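Enquirer: Residue numbers (this note's numbering), protein chains in the order written: chain B, 6 to 691; chain P, 6 to 691.
Calculated from the structure, these hints are not laboratory results. There could be a bad hint or two in this list.
Note that identical chains are pooled: a pair holds if it fits in a single copy or bridges any two copies.
Dumping the calculated BS3-like pairs for lysine-lysine here, alpha-carbon to alpha-carbon at most 27 angstroms [to be verified]:
| # | residue 1 | residue 2 |
| --- | --- | --- |
| 1 | K340 | K365 |
| 2 | K322 | K465 |
| 3 | K500 | K522 |
| 4 | K574 | K522 |
| 5 | K365 | K574 |
| 6 | K192 | K249 |
| 7 | K611 | K45 |
| 8 | K342 | K365 |
| 9 | K500 | K192 |
| 10 | K146 | K236 |
| 11 | K104 | K465 |
| 12 | K465 | K603 |
| 13 | K660 | K322 |
| 14 | K245 | K503 |
| 15 | K365 | K660 |
| 16 | K611 | K170 |
| 17 | K465 | K574 |
| 18 | K465 | K611 |
| 19 | K500 | K245 |
| 20 | K611 | K660 |
| 21 | K169 | K192 |
| 22 | K340 | K611 |
No experiment lies behind these values; they were computed from the predicted model shown.
There are 2 protein chains.
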Amino acid sequence: MHTPPLLRRLLLALAVAIAIPAFADEGMWTFDNFPAATVKQQYGADITPAWLDHVRLSTVRLSNCTASFVSPEGLILTNHHCAAQCLAEISSPQQDRLKDGYLARDRSEEVRCPTQYADVLVGMENITAKVAAATRGKDDKAAGEARKRALTQLEQACEQAAGKKDPRRCESVKLYEGGQYFLYQYKRYTDVRLTFAPEDAIAAYGGDPDNFQFPRWCLDMSVLRAYEDGKPARTPNFLKVNWKGPAENELVFVSGHPGSTDRQLTVAQLEALRASLPFWLLRAAETRGRYIQFAQGGEENARIVADPLTSLENSIKVRRKELDALLDGSLMAQKAKDEAALRARAGLAGAQDPWVQIEKAERRGHDLQLPYTFIESAAGFNSALFRHARTLVRAAAERAKPNDERLREFTDSSIPQVQQRMTAAVPIYAEREKLTLSSGLLRMREFLGPDYPLVRNLLKETSPEALATSLVEGTRLGDPAVRKALWEGGAEAIKASKDPMIRIALLVDPEARAIRKQYEDEVESPIDAAAEKIAAARFAAYGTSVYPDATFTLRLNFGTVQGWVEAGKPVAPFTPLLRAYERSTGADPFRIPDSWLKARATLDPKTPFNLSTTNDIVGGNSGSALINAQGDIVGLMFDGNIHSISGSYWFDTEKNRSIAVHTGIIRAALTQVYGATALAQELGAR
Amino acid sequence: MHTPPLLRRLLLALAVAIAIPAFADEGMWTFDNFPAATVKQQYGADITPAWLDHVRLSTVRLSNCTASFVSPEGLILTNHHCAAQCLAEISSPQQDRLKDGYLARDRSEEVRCPTQYADVLVGMENITAKVAAATRGKDDKAAGEARKRALTQLEQACEQAAGKKDPRRCESVKLYEGGQYFLYQYKRYTDVRLTFAPEDAIAAYGGDPDNFQFPRWCLDMSVLRAYEDGKPARTPNFLKVNWKGPAENELVFVSGHPGSTDRQLTVAQLEALRASLPFWLLRAAETRGRYIQFAQGGEENARIVADPLTSLENSIKVRRKELDALLDGSLMAQKAKDEAALRARAGLAGAQDPWVQIEKAERRGHDLQLPYTFIESAAGFNSALFRHARTLVRAAAERAKPNDERLREFTDSSIPQVQQRMTAAVPIYAEREKLTLSSGLLRMREFLGPDYPLVRNLLKETSPEALATSLVEGTRLGDPAVRKALWEGGAEAIKASKDPMIRIALLVDPEARAIRKQYEDEVESPIDAAAEKIAAARFAAYGTSVYPDATFTLRLNFGTVQGWVEAGKPVAPFTPLLRAYERSTGADPFRIPDSWLKARATLDPKTPFNLSTTNDIVGGNSGSALINAQGDIVGLMFDGNIHSISGSYWFDTEKNRSIAVHTGIIRAALTQVYGATALAQELGAR
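Here chain B stands alone, though its shape is the one from the complex:
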């Protein structure tokens, strides 16, 4: 059983009472605080401000992934699984683009992804002092409200200052659990089109069984293009591809948007997580079973649940292994020791003790968890149609308010994206909706109980299945034009609507809002206030030699190309193409698609397929380029090994590895398998 190195080091740091920088290869560094000196010292590489700016401006944030510009004409390289939602959205019973892949022979064939956007981080401003000024002297609840208001105002001012000619999306960012606040400015591309995606069978070869495993053989790539004014965007900052790939032990970097880590949470917070993960896992596993059984009903059934099933299975594996990590007594004991040391150093006792305040707030959170999850988070109404109804109902109410009094997801800064999703012509499948909605209602009744007033009100004379069926069949919200009309009609239109899903959303809304307010006031605000105190104590101890937890904002880390030792046996860092053929069973998810079977004779069986590195990444980094010291792409990150999942809580230097697609296989795929001539040329692959 390993001792988590971060903690060991933190304790060491405490013991010698100096703040030491993180060792290779841990750390998700912000670009303003990248330890270039450490890299210089350890690897001799010069990471200059110009290098950092170039990489930052070449890095793209997608809805829940990372990507990179790879040509001056807006070409974007990312993972196949990052384009999976787009592929599902542009598919039909006649054309399954998730399964079959897609290649635009020229730019006229590039297909718009209905809900995709692409952001580039163009500016960062530290607003910690401004936020502190807004909350100073207030109690937790008032501070929580004031903080939200201040962030909305700062975002609004930032967007107004940028003007309409060169618009910016401004987002406030909380770092170090509230120890720092930044305002990040993004240039946003809202017209993103699909250029190329391989078949799902080779992109996700090995499927769920191989997910988070290594050795691995996945061509988890896709190519998109950003457009502006109907033309390919001009993107002078882009990364060149090095088709040879990296050498073993070579220094490599990952620039991207790690989604979320919990390495700085208190023990009470980790215990609360540990207690709540099974609750999510149980519901997810049941839905997984329903999807799998539903898919047995025929090809079209299988098609319409393919994308949500894959994404659910991925989440299940992540949370299952996170739970395992939290159930590992020795790791938790290490966290407790670490915390005790920081507490002793902070010397905040009694009513001032932020760790006690957090523990109390987490207990309150536990009490509120069930209604919050089922009613406010709408797990009880799990369906795209209800989410649309909820958004329409709330947007109508919120847009009538001043910007800084709105729920944060409906501020002026956020509205365009909400509207894009709301009005996009994305297919909604009635049978899938009934499945998820009835399942949500069923579990809400189980967990809140049949006599809980809202449950009783909804199900007094019907069953979850019958209610779900009548709502899905009765609503017209599946039609984007109907949603658009309600969006534009605002409060009047909502009030007048007889749509049953709108009526249900209206019925639920007062209670949902009340629970949310209670949760914000009694759980989030006290935690925010206490976490700020802990952050201050941590800064006092370590300065910024510690990196902040991941928050789906831009980070850079460094590492090397390396395997590891598993159960006493070395795992090599590169996988050869040949083994992919050898492992094929002919049946999904171990099926080599026809295109690859046909090309087999022309391919070099030793071509490296995937590789492992020591970079410290998590979900959200998917699609990130793996970059060498020259700033060229040598791989495409798409996963971590099974040990990487505990990275949510600590970094295991010995075993945590990230996994990339090798550039060698990308070239072979484009030139020898798919005949993607124009694309290969634009990428410089031939």
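Since the structure of chain B is provided, determine the placement of chain P on it from the hints.
Expert: Using the frame of chain B, we list chain P on its own:
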């Protein structure tokens, strides 16, 4: 957050250094150690040896439930859910007896339950010294093997001594985690027939949402009859029914077979349980989802999964709440304190420390858990057909060995029951088999990994779904005659069989046996040896003023009819019939069946339906009679409240309540709803 009373008391006991008896109403007492003096002292009731013998000989053990003789002619009262498997087994697409219920108008219409038997405990012998003699001086592994051999020999000698004229089933029983061994002698009835069962809709009114809830309205009853030589059995020991039921606060007893509790496990064992429960829950929740989705395929689909779904949902709720209990930090801290006190008192340090030995063995158990679960426990081959194949393959091999060298489930004492199950004409549903088998294979591949040799061997050129389909469609083991022929043909027949399910069972068996042996030698034997030492320490401290953990053997406990206080509000101990009608939604599981709608006008709406008591029971006690001090039946236990589930680990005096059907509603049902004239007369209800 409550402090577990048992532990508080144990600590108190330690503090004052005297062994004190358990307080009302905790305790699952063996009949040889019932605290009659305490009952006399606290309640003034005389529980005489004659009372105890009469109650014991009137109590019946079913496959996984309890029941009571209620007439001198073999009539047996138990729960509906205890007869659910029988009802499913005697149903067909034309006659859904689980859903519609059944009433034999006279004895000629009583239907045999294919796999049911009924045991009565007629003798108990303490064999602790004999077992100790067999293991003395041996190392853990050798002791484990010697113990099994000794138990088989003692059982065999006991059955031989009883002879064939009045045969006995002799079972060894481990009590106090190995602190005591007993040999229990049962009279077994193998011909058990169904007399009466109400509709599932009223028996399990409220279904899964209401399960483990109170207030409650379930007519969870059924009536069976034991037969001997084709005639109703003569059962001079039986319990009379008191149709008035009990008063609030009245002293009441439960005689029955609590299945399993873990109150004496070490902290390391509880932590191991805590880490493994999510693994089971995830797979169970997924299967639940598959059953629910499968049932949407039509009435017949719904019928064939109804019984396994109900039983799975029950298990999920139990284990989910058990996990919640184990994740409750303060309860675990209390266990740790308690353990520390006993350890200090025991003074066994270093290599002698049994707590350390158990911790080590549990770590090894954790390493072996995946292959053990999927291969030896056959979770990877989850299907009735595979279980038959496994049994046939193993029985053929084991029966060829001397009795005391066999796997314990194939000793002479166990074989008749195995054979009864094997050859019973119980329907097997191909679609359900494919569902569970493919799901098992799928998860085995996920958890052991696609490159695990056995997995690779099975799925080299196929998918879990395709393999499951070909096995289920290719095997002939669904036919009881085919199974009977293979059973009788023994090793020769098995070797010659081309049945694909037999071939698979043969393929898997060597590896399964090897893992089992490893698990027994490296996990079970060291734990057994260490647990005996802890048991000795506990006896030294408390004598038999502590009761043993439940082991599905006969126990008696006492308590009173009482509600409790939930979130500050009192819960009344009786529920009136009227509320059942008021809560009806018209849709399952809140649907009142037609028989009760028709009879409504003639029924007294104040008739008590269910009631709650403080008796300390768990699963396995289902179907137990609730008995007053006179030895008459005043209720029929069928459940506990939600707080009762933590009873696996500790007894919460304030909130743990058991739930019974009131005898008043039983009389109303028989006489006013179902017109069960003959039955009512035999029970003295009219």
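Enquirer: If a hint holds in the structure, say so; if it does not, say that too.
Expert: For each hint, the structure was consulted:
no.: 1; hint: K340 to K365; verdict: both (19 angstroms within a copy, 23 angstroms between copies)
no.: 2; hint: K322 to K465; verdict: between (37 angstroms within a copy, 24 angstroms between copies)
no.: 3; hint: K500 to K522; verdict: within (23 angstroms within a copy, 69 angstroms between copies)
no.: 4; hint: K574 to K522; verdict: between (53 angstroms within a copy, 26 angstroms between copies)
no.: 5; hint: K365 to K574; verdict: between (45 angstroms within a copy, 24 angstroms between copies)
no.: 6; hint: K192 to K249; verdict: neither (32 angstroms within a copy, 78 angstroms between copies)
no.: 7; hint: K611 to K45; verdict: neither (34 angstroms within a copy, 84 angstroms between copies)
no.: 8; hint: K342 to K365; verdict: both (20 angstroms within a copy, 23 angstroms between copies)
no.: 9; hint: K500 to K192; verdict: neither (36 angstroms within a copy, 72 angstroms between copies)
no.: 10; hint: K146 to K236; verdict: neither (48 angstroms within a copy, 76 angstroms between copies)
no.: 11; hint: K104 to K465; verdict: between (43 angstroms within a copy, 22 angstroms between copies)
no.: 12; hint: K465 to K603; verdict: between (60 angstroms within a copy, 21 angstroms between copies)
no.: 13; hint: K660 to K322; verdict: within (18 angstroms within a copy, 36 angstroms between copies)
no.: 14; hint: K245 to K503; verdict: neither (55 angstroms within a copy, 61 angstroms between copies)
no.: 15; hint: K365 to K660; verdict: between (35 angstroms within a copy, 24 angstroms between copies)
no.: 16; hint: K611 to K170; verdict: neither (51 angstroms within a copy, 76 angstroms between copies)
no.: 17; hint: K465 to K574; verdict: between (60 angstroms within a copy, 24 angstroms between copies)
no.: 18; hint: K465 to K611; verdict: between (65 angstroms within a copy, 23 angstroms between copies)
no.: 19; hint: K500 to K245; verdict: neither (54 angstroms within a copy, 64 angstroms between copies)
no.: 20; hint: K611 to K660; verdict: within (26 angstroms within a copy, 66 angstroms between copies)
no.: 21; hint: K169 to K192; verdict: within (12 angstroms within a copy, 90 angstroms between copies)
no.: 22; hint: K340 to K611; verdict: neither (44 angstroms within a copy, 57 angstroms between copies)
The structure fails to meet hints 6, 7, 9, 10, 14, 16, 19, 22 from the earlier list, while all remaining hints are met.
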